[in-house]
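From first to last, the protein sequence lines stand for chains A and B. Under this note's numbering, the residues of the first sequence are numbered 210 to 288, in order. Under this note's numbering, the residues of the second sequence are numbered 1255 to 1479, in order.
The set of hints was computed from the structure by calculation and includes no laboratory data. Treat the numbers as computed from the prediction; the structure is a model and nothing was measured. Check before you lean on any hint, since a few could be wrong.
[What the hints assert, rightly or not] If we take Cβ atoms under 8 angstroms as the criterion, some of the chain B residues that face chain A in the derived model are:
| no. | residue |
| --- | --- |
| 1 | G1266 |
| 2 | L1268 |
| 3 | V1271 |
| 4 | G1309 |
| 5 | R1313 |
| 6 | E1349 |
| 7 | G1355 |
| 8 | A1356 |
| 9 | T1358 |
| 10 | R1359 |
| 11 | S1361 |
| 12 | A1404 |
Using N, Cα and C, we set each Cβ at its ideal position, and we do this for glycine too.
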Amino acid sequence: MARVVVDVMPKQEILDPQGQAVATALPRLGFEGISEVRQGKRFELEVADDVDDAQLAKIAETLLANPVIEDWTVRRVES
Amino acid sequence: MSAKIGVITFPGTLDDVDAARAVRRAGAEAVSLWHADHDLKGVDAVVVPGGFSYGDYLRCGAIASFAPVMTEVVQAAGKGMPVLGICNGFQILCEAGLLPGALTRNSGLHFVCRDQWLKVDNTTSAWTTRYDAGAELLVPLKSGEGAYMASPEVLDELEGEGRVLFRYVEDNPNGSLRDIAGITDARGRVAGLMPHPEHAIDPLTGPTDDGLGMFLSALDALVAA
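Here chain A stands alone, though its shape is the one from the complex (with noise of 0.2 angstroms):
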């Protein structure tokens, strides 16, 4: 079994108003110094050894990001 992470992120050129909406709240709280928030979202799967990387690719496009709006990223990570 191995971990795999995927990021999936609302593509830059798209509109994210619930991260303006977090880089606005920061200064209210206190915190200064941050431009800009972009909010993603983060799968965590648990894979058989023998799920190759072009199948986590196809995985990562046709179901956990939507690529019209999202761009992906798909790494394994130490369990």
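Position chain B against the provided structure of chain A, taking the given hints into account.
Here is chain B on its own, set in the frame of chain A:
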């Protein structure tokens, strides 16, 4: 024999009852379709109604787009069957690849629930022939993720081919690019919009009956076929 229009129910669908009522009001037979069925029960057209299918988990419409019944809808749409996605149904059709683009969180972050003015841009799709170009309609809008997004190339293509069905007028409620409220596919058979025509078919229960024209248009298309 009257035309049969299917209305799909997913777990979390809300507007199937009103959609079926709109279908009947237009003079067609409404046929209930269930998300888990591999069967369209011989319908001539399909409405994918609004709501929160599968709790909006992952992304709005993402799980529903892989439901067994959607496999059948995608196949039927490929053969030219008229399909209308309303609100969550529009999100589902985009996720299923039947329509380009995607719907994202409203730019103001708030869920918007109000009667919304729309302007008719396209009067040739299977769902809009009953309208006059430039006509203004008042129908309910109720969505939290209704901002239509697509690449500039896709937006240019939609506008260049006359595939924008409706645009928001007065103020844009959700940040949709180019004020787009609804679009159609290249053949003008598959349509999707965020506002709810099925809630505006009778002045007794909605702001107007402006939405009925979409269902009457589809019926015209089916009778002509």
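- request: Just pull the numbers of the violated hints for me, sorted ascending.
  value: 1, 2, 3 and 4
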